[in-house]
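Trainee: Protein chains in written order, with this note's numbering: chain A, 1 to 335; chain B, 1001 to 1285; chain C, 2001 to 2324; chain D, 3001 to 3621.
Errors might be hidden in some of the hints.
In silico DSSO-like pairs for lysine-lysine, Cα to Cα no more than 27 Å straight-line [said to hold, decoys possible]:
id, chain 1, residue 1, chain 2, residue 2
1, D, Lys-3427, C, Lys-2190
2, D, Lys-3437, D, Lys-3252
3, D, Lys-3252, C, Lys-2190
The calculated label-pair distances, taken between Cβ atoms and stated as ranges, are [said to hold, decoys possible]:
id, chain 1, residue 1, chain 2, residue 2, range
4, A, Gln-15, C, Trp-2020, 29 to 35 Å
5, B, Ala-1060, D, Ala-3563, 52 to 58 Å
6, D, Glu-3105, C, Trp-2020, 49 to 55 Å
7, A, Pro-57, C, Phe-2078, 52 to 58 Å
8, D, Trp-3583, B, Ala-1060, 40 to 46 Å
Below, a sample of chain D positions facing chain C; criterion: calculated Cβ distance under 10 Å [said to hold, decoys possible]:
id, residue
9, Arg-3410
10, Lys-3427
11, Asp-3428
12, Val-3452
13, Pro-3454
Just so you know, these hints were derived from the structure itself, not from any lab. Backbone N, C-alpha and C define an ideal beta-carbon position, used for all residues, glycine too.
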Amino acid sequence: MLALEGLEVRYATRQGEARAVDRVSLALAEGECLGLVGESGCGKSTIARAVMGILPPNGRIAAGRIRFRGQDLATLDPERSRELRGRRMALVPQSAMNAFDPVYTVRAQLDEAILAHGAMAAPARAERIAALFARVGLEIARLDDYPHQFSGGMRQRAMIAMAMALDPDLIVADEPTTGLDVVVQDQILQHIRSLHREQRKTMLLITHDMAVVAENCDRIAVMYGGRAVETGDRAVFERPLHPYTLGLCNAFPDLDDGGRALISIPGAPPDLVTPPAGCRFAPRCPFAENHCSEAEPALLEVEPGRHAACHRLDRIEEFRRRARDPDTWQTERKS
Amino acid sequence: MTGPRFLDVLGRNPSAAVGLALICGFVALAVAAPLIAPYGPFEVAFGPDRSVPRLAPPSARNWFGTTNQGMDVFSQLVWGSRVALTVGLLSALGSVVVGTLIGLVSGYFGGWIDDVLMRLTDVAFGIPFLPFALVVIAMAEPSLGLVILLVIFFLWRTTARVIRAQTLSLKERPFVWAARAAGAGHWAILFRHIAPNVLPLSFLYVAVGVQTGVMLEAALSFLGFGDPHAQSWGIMLNAAFRAGAMRTAWWWVLPPGVALSLFVMAIFMVGRAYEEILNPRLRAV
Amino acid sequence: MGGFRRYLLRRLAQAGFVVWCILTIMFLLFKLMPGDPTAIFVDNNFTEDMIQRQRMLWGLNDPWWVQYLRYLRNMLLFDFGHPFFQNESVAEIMLDKVRNTCLMIVPALLVSVVFGTLIGAYAGWTRGSVFERAAVATSLVLHSVPSFFVGILALMVFSYQLRWLPPGGMVPLGGPDTLWGMLASPDYWKHLVLPGLVLVSREITGPILLLRSSMLEVKGSDFLDMLRAKGLGEGRIVVHATRNALLPLVTYVAVMTGILFQGQVLLEIIFAWPGLGRELVQALTHLDFPVAQAALYLMALVTLALNLIADLLYGAIDPRVTYE
Amino acid sequence: MSRQERFKGPKMDRRSLMMLMAASGAAGPALAQAEPAIDVVNPKYRKFYDDVAGYYIKDPQWVKETAARLTWPQAGERVPEIRVIIPNTEPAWLDAFRKWSKDGEQLGLRYKLEQMSQARWLEEINVHRHGDIEVHPAVLRPERVDPAEWIVSRGYGSDRRNYGEWVVEQYDDLIDRQSAASDPAERLKLVREAARVMAEDLYPCVFGWGPSIIEAYNGGDWDNFVKSRGFGIGNFNAFLGFSRVKPKGNRKSLRVGMTNLLETTNLLGATNNMRAIGRMIYDRLAYYDENLNVIPWAVESWRRLDERTWDLTLRKGMEFHDGRPVTVRDLKFTLDFMVKYERGIFWTANRFLESAEIVDEANGVLRTRFKQPYGQFESYFMQLNVVLPQHIWGNIMEEQNTAGDPRRLRIDTPIGSGPYRFGRHRKDTELQLIANKKHFDPPQVDDIWVVVTPSLDGLMGRLESREIDVIESSNISLTPSQAAQLAKSSHVRIERTPDVNWLHGVVRASVLPWRDYEFRLAWQHSIDREFLVKVPWEGAGRVPKSNTFLAEGNPWHNPDLPAVPGFDLGKAREILRAAGYAWASDGRLVYPAPVNAGWRQRVVRVSKPGLTWGGLKMLGG
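All chains should be built: construct the whole structure from the sequences, respecting the hints.
Mentor: Structure below.
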């Protein structure tokens, strides 16, 4: 249903063009939920923006295709692409805090979302809005409030309601729980889950929270430095194939092993204007070898439905073992 | 603010560079006025035969022509830069110092001090500026000092409000708590810890002060409420206006008007560049 | 709404305090400054008893606090007394002058705000474009040129050289005198062109620069992306952005109106516009204290009222403002 | 009553007193004295200093300033700064004084020039707080053609406007006699004699005769403007210009530009402009022709019965603008009204009036009787007074509650009998005067529009574009360079009218250093009168031949006065040196030594030998 083919997105910056997304190919079948994980700045949100067609003015799709039900969103004319947005695919944005226009009531903004895609009589719209609100568990009476009168969780629910306004096929949820407290996060995730499970929506869920992905997604893609480094089903977390995924897993509390200490990955994500040669993770990878900094590994199918991009897939078992040891990540990499 | 950063901003901001160059030009003009100006500010530029060159258009003798009293417009323009700089600088510094102090004290101590000072600021905001200045000068004797005092009286209010807001946020910062925990007194905290942090911001208001001061002096002088002993650009315009020479003696009207505009513009441009340094968001892509 | 009422009361009390302070400052200025208004008014041949009679008539012989209280009462009741040199009451004169000043500034204000907003919003929206650069550069220049200088230049060129437009005044000889008569008269508009344009040339820069920067700020907001994601057309998005960017303009326009109302002394003199500012200067030249005092007071009151209105209005248009 | 009791000086607080003592150099026993003994030489003038001087002698600041300058300087004391105040409406004076103060530096003098608004300047002068030199121009108005205006105000020992406090007994005697001399020839003799006394004592310094009256008008459309000596063509104070001017074409509406139009349409409360305009609406009793000879106006003829009594015969057939006839009753009513209520400008003309009685109602004869012999009957009384309509003004004071002040009356549409009717009036903008064709001297135009334009620049521009036809000249006189600019427009004609203007400065002769005749002489030598005429006045003026207010061209001028001391700094220094003055190391002038008997004598005597000083006494030994 949605397929990224060699997608490349670049941002113009003062320092030069940054390749935020670099030749990423992903596919999402009808009714599937794809989780996109990675550190901030790895290009996850850019993919969401590219799919939704809301790249900032300095961003452009430099290469590749975004196929949505057979149409290429990358080359679609703006008016046609606008028609798809909100109607065929909808966004649940990163920070609901700021995603509402502060000077209009919530109702007005929901109304506007419906109105943007064709005429619907006012009473019908009101009814629809009420229904949406009820579905996300918000009081109808609060419809005429302004966004700032809502709590964070309420705002995110309202956002979900808005995403559902025209019953789209694809939902892009871009870190939908950022900035919410844990209890509320849970509720929001439940709503998201129900969109996918009960309403059978196809979903692209972007998050840096491994647990969320693990719990909700059929398929998972791990991104690093604009590249997809590993894809697959839930097994990605159970038996990672890429050292970066290993690192990510270490950095999150284990669902099973609550007592395990968290280990963070030292160093910073790569500069996307002048990315390091070879494997982009190499400078931070405790297992990197000279070769890693010279040639870029390809994303290879390691097992059926599982891809990874690492030169040393052969030593993965050893890596998995050593990754458990905090000292492994402390070693300064030379060169 | 570090030098390279400042240069960097100038580099990306050609208008600020132009402004800075202009200001330097005016400063040079003011400092070297006695060397540059062929005549005194009120001196009649008698011709070789003791004749009075009245309303003469620009010539080799009088670069910018002469006034109806036979005075050299170019000389007056040069002397005028002294007045502009003096008024601008003094009124700006005065208002910023007063405004910063009031803002700091008001924001830091809060409570009734804040209440009193902020109500004072309200009053200052409620008084119409130019009309009030006119009234005061009509009552007293017009002098440059009074003009400067008036500008200070009116400009501290803006600075005070901004600095107060800044102080309010600064005083909740950890380093202030740390200083207090270390036993620093109120004044020590205020002047050693908070003041250095608001200073760059209050410096921004120097630019505003210079502009307002120069403009107000010109406006008052133009209305005939200026200091008669200071040959300012406003006084020149007033003299031309009063002499009924505006329509014909363009050489008498344009130089002071253009100089005034350029000076204010230069200050404005540099002020904007400085604001960019302070507030990097302004220069984001 | 209880919060709002408390807020309103507090603001009114504050405004009242400021008015009182201003009145007191004015009292000190006008009554206690050295010099004696009778000195200017009396003819050279007045004898002492005539002067005393005049002083009595003006209540100048009362103790200062009696004068002060009477003055406060009169000012609050808009009873400005009688001018020294005119035989209408000061209040009547003020009414006329305020109207004339408004006839000059209101049209200029409307043009400046409407066009300044449009230009500024567009410039902010198209950041980096030639239009934006040109708009900003022009605004900076216009902002720096003293308006009286522009006025003089405009007069020199358009009135005296080209003779396209009348060189001042509000209507020609024998022209209409009532408000509606003037508004309906093409002559009034013709006379307004020059002072109006000069005013606009300066005042428009404020909204342009303000709207541009607040538009830039709004442009960085997340909700714009969301609007696009909702599938709104570019037009609707600009409407949203402008609506948000307009918020700071409300305060700005109120402050600007106040300044305009106070500040047209220079232009009114250059363009022979019989407004409040010119009246003030004239009164000061003749030391006609009651007139000068009333003019200054009205200017202050208008400024205060506008600031108050701006604050209240801001609450009305920005739902985030609360009165707690 | 002892002198100490009679003297109601200011109550001074201790601090001011100490400062005063310190300033005056008094010490020890003097501290016991509660008040500075500012006193006069001739007790005859005591009353003036007590009553009228109530204005300034009760002003502690005045006393302080004056006492300091009435105290004998100590050895080596410098001549203090010379303070001069200048209204900001007079840039030419400032330009001149800048030059003079620069020249004065060579004599060791230092000036302090202060500029202020005109009103403030007037106020300072009125309370005698104007510093050292009262600078004043002559602005001619009909009532000021009478010589008394200036010779009394600036030199008479008992006049509040004697700003130099110059009190010379011989002069005052002459002034008393001229004011009582109702025979014009005798009066002329006395006035000339008084002018001589004043000039010889070097009290006034006439800086220049002028500035010249230069006017411009739209000669393309108008003709036959009459020039009145001292007034010019476009001056509402002299309406000959406006009553004779003839349109060349079809436009019979004359437009007059003015810088301001003060608003009171009540003649009694009006100041300059509106007062002049008011007198075109109400008829004056008599008027001046273009050579300043008195001619009959509303009063057809008058007859002197004795030195206190005149019979006035009203012109026949006059009508008020509302159609009611003007009768001698209206005239009597007007004079009675003025005596009863008016204490403003009309008071000057009417305060000596004792009674006005109708002696022949059929022929319109009114007998006026004055309290004392009255020399200013024709040039003051007849010029200032007008005829008010009794049917409108009869009960006006009762109808309008103005607390007995007629200047507060509200007269929105003045009705008189004059050559112009009051037409449309928009405040601060325009005023229409409609010709009264039924008048005995009907105007040639249909109406006059007065157009307000606040700036000279605006006025000139409008004259060039024919929006106005003439600039009203009582406030504005053009300079030659302005006239030259205007002359570039082909329709503009320039007119120069003989003037009797001057710019004078009277020094405060009563205090140091001016009390010294020699100092006054030296100072006058430091004034470059030619500079004023040549540069600030642009050559449009005359270098005065003598120090007199009655300049050449004035009917009262005395041609035999001593010449003004010429500009000669060397000579000035010489005079000062000879008089005992010295110079400090920084060049400042130093008073003669206290032991210098000649100097002490001159300071005590004030005036030149032969004249008797009656004014302020020096303080202390």
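Trainee: Now tell me if each hint is right for this structure.
Mentor: Outcome of the hint check:
1. Lys-3427/D x Lys-2190/C: holds (20 Å)
2. Lys-3437/D x Lys-3252/D: holds (13 Å)
3. Lys-3252/D x Lys-2190/C: holds (26 Å)
4. Gln-15/A x Trp-2020/C: 29 to 35 Å: Given about 59 Å between the Cβ atoms, the range is violated.
5. Ala-1060/B x Ala-3563/D: 52 to 58 Å: Distance hint for Ala-1060/B, Ala-3563/D is violated at roughly 42 Å.
6. Glu-3105/D x Trp-2020/C: 49 to 55 Å: Holds, at about 51 Å.
7. Pro-57/A x Phe-2078/C: 52 to 58 Å: holds (55 Å)
8. Trp-3583/D x Ala-1060/B: 40 to 46 Å: Given a distance of about 42 Å, which is inside 40 to 46 Å, the answer is holds.
9. Arg-3410: holds (5 Å)
10. Lys-3427: Constraint on Lys-3427/D satisfied, holds at 6 Å.
11. Asp-3428: Holds: closest Cβ of chain C sits about 4 Å from Asp-3428/D, inside 10 Å.
12. Val-3452: Since chain C brings a Cβ to about 7 Å from Val-3452/D, closer than 10 Å, the hint holds.
13. Pro-3454: With a closest approach of 5 Å, the Pro-3454/D hint holds.
Consistency with the previously given hints fails for numbers 4, 5, ordered from lowest to highest.
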